[in-house]
Amino acid sequence: MTTTYEPGPTAATDSDDVLVVDGLRKSFGSVQAIKQASIRLPRGKVTALIGDNGAGKSTLIRCLSGVHRPDSGTISLDGTAIDFHSPDQARRAGIETVHQNLALVDDLTVWQNLFLGRELTRGLGPVQFLDRKGMRDKAKEMVSALAINVPSVTSRVRRLSGGQRQAVSIARAAGWGSKIVIMDEPTAALGVQETARVEELIRGLRERGLTILLISHNFDQVMRLADGVWVMRAGSSIAHRQVDQTSGEELVGLVTGALAA
Amino acid sequence: MTALTAARPSWRDRLVDLPLPEIAAPVALVLLVVAFGALDGTFLSRGNIEAVLQASAILVVLAVGQAFVIATGGIDLSVASTMTLGAVVLGQVYATDAGIGWAILAGIAAATAVGLVNGLVVAKGGITDFIVTLGTLSAASGLALIIANGKPQPVLDGFLLRLSADGVGPFTWSVIVAAVVAVVAHVVLFRTRLGVHILAVGGSTEAARSTGVHNVRVKVAVYLISGALAGIAAVLLVARVGAAEPASNTSFLLNSVAAVVLGGVSLFGGRATIAGPVVGALLLASLVNGLTLLGVSQFYQPLAVGIVVVLAAFLTRFQR
Ligand SMILES: Nc1ncnc2c1ncn2[C@@H]1O[C@H](COP(=O)(O)OP(=O)(O)OP(=O)(O)O)[C@@H](O)[C@H]1O
Ligand SMILES: [Mg+2]
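Those sequence lines, one after another, are chains L and W. With our numbering applied, the first sequence corresponds to residues 1 to 261, in that order. With our numbering applied, the second sequence corresponds to residues 262 to 581, in that order.
Hints were generated in silico from the structure; no laboratory data involved. Everything numeric in this text was worked out from a predicted model, so none of it was measured. Where is the CB? At the ideal position from N, CA and C, for every residue including glycine. Hints may be right or wrong, so weigh each one.
Per label pair, the in silico range of CB-to-CB distance [claimed, not checked]:
1. L:R43 / W:V477: 35 to 43 Å
2. W:L564 / L:V127: 42 to 50 Å
3. L:V127 / W:S399: 33 to 41 Å
Partial selection, computed: residues in chain W whose CB lies under 8 Å from chain L [said to hold, decoys possible]:
4. I284
5. R454
6. L460
Calculated from the model, a selection of chain L residues having no Cβ within reach of chain W, i.e. all distances over 12 Å [stated by the list, open to error]:
7. D71
8. Q128
9. A258
Bound conformation, chain L alone (with noise of 0.2 Å):
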């Protein structure tokens, strides 16, 4: 676990897998968040993550976006073992990751948001100023490019409603040609009406060609979006199912343990 990510040979692995996790295990001191972990991500599909509270999804998800470093175990994009030092490494491998706690700064805007670590700026050499116009209009257009419901991307983040929060978010992780969303609970604070909005906004993002992996506490979401399922149990990877060849039920059973994988 030495190399860095470099945009390498894009010869896909044997199914058309983007990225493939394995045996990744993680712990804090003496707390074992992961034990082994090994999932695949189609290409182009959605994928989704469950697992009981503490089940270590998001530490998992966190390893892939640059946030925490694996203790062992491989991650491989496009074929390519990578190990990032930091979520700008993997920001810029092409994996964007919407987190649990959306990563936004409420008293920044949302065109600010949408550009924050990466802001368009010009100027000569090492004097550079902020090239506001272009970054708003850039803003502009991520926003309207996905039909998402924000009042203006010059009001401040603190002043939107929960699923326009989740909408600037997912805006941000897809506006920037990645190849992998990764999105943490997106829904899990959000009413009927504002879950239906996202889960479109999700449909939206396969049909352009992305990658998903969603981690997602509610099955009957799973089973209407997502194509394949891992499920993890006590720190580990225990099973994967298709959509459409399993239920609710079954997957209830897995994830509390009452079923065998």
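Start from chain L and add chain W with the ligands according to the hints.
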């Protein structure tokens, strides 16, 4: 789903976006000027306005530096001692006949070095800013005493004299320096990546981190800026006093924080302006000047400043 249509926020949105704390200082300043002007005819005389501006120049520079640190949710308790150290270094280098240019450079460099230490220890060491800068507060004033051997060093230099005596119209060069510092700071905060990252780190360290903002660099940068500005303030101080004194200057520390709070900058970070703290500094200088004109005993001045600051802090409760 409705696509985005409204390009600009309506005037109502704008009004909501203008929070009470941020307009409180300008309103208070206007009220104060009108009141003192009515009570004492000389308050609005050209000579007195010059005096108020001159008196606020040093505080403006310090408060701008403080504003950068507070914007990230930190605080720099060492600004005044850092300024003292910068002044003393300036004085000592001047005493060696190295020339005023080198003396000024050395003073600013010494203050910037203190800022760098603050930044590195806070950001890399992960130690609370309050404790770190309390430590450098003591260390810098101790160093100043050691270097100066406890004695003031007269600095009677033509260049420095002109800084606080000459100028353009009613503005001395000191005032112009402070104004330039404020304008540059405004541009940095609102027109550069560093500025956005400062507000992002102050608003949500977690969000900044996961979007690839370098928290450590941003933190080091703000303390560095605060240190460098304390160095510039040191030059203005020596110019005004005509000597480099290893005095403690505590009131400058309190007033720099007070000006920032008066200016509506959130002590939790993430919300900041430069205009606010500048107005805050002008407000404090006018208050002290007006009270003096009215013949109020000097002993009451810290009390008045304290009351104003607590009132301003109270206003920030209405934020959000
Ligand atoms: N930074 C951390 N430090 C210490 N322990 C952690 C840390 N992050 C996660 N853990 C622990 O790792 C385990 C897995 O947590 P994780 O957040 O990955 O679960 P999850 O599956 O996302 O749960 P939920 O559905 O509640 O979001 C938990 O026991 C948690 O307490
Ligand atoms: Mg989680």
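* Is the hint on W:R454 kept, meaning its closest Cβ partner in chain L is under 8 Å away? -> 5 Å, holds
* **chain L contact restraint on W:I284 - CB to CB distance below 8 Å** => 17 Å, violated
* To do: Using the Cβ atoms, figure out if L:R43 sits within 35 to 43 Å of W:V477.
  => 36 Å Cβ-Cβ, so the 35 to 43 Å window holds.
* Is the Cβ of L:Q128 farther than 12 Å from every Cβ of chain W? -> Label violated. Min Cβ-Cβ 7 Å, cutoff 12 Å.
* **Separation of L:D71 from chain W, once the least beta-carbon distance is taken, above 12 Å** => The assertion about L:D71 holds, with a minimum of 21 Å to chain W.
* Asked: How about W:L460: closest beta carbon in chain L under 8 Å, or not?
  -> Holds, because the Cβ-Cβ distance from W:L460 to chain L comes to roughly 6 Å (cut-off 8 Å).
* Between L:V127 and W:S399, does the beta-carbon spacing fit 33 to 41 Å? -> The hint (33 to 41 Å, Cβ to Cβ) holds, given that L:V127 and W:S399 are roughly 38 Å apart.
* Is it the case that L:A258 keeps its Cβ farther than 12 Å from each residue Cβ in chain W? -> 35 Å, holds
* Asked: Is 42 to 50 Å right for how far apart the beta carbons of W:L564 and L:V127 are?
  -> Because 46 Å falls inside the window, the suggested range holds.
Violation of the numbered hints given earlier is confined to hints 4, 8; the remaining hints are satisfied by the structure.
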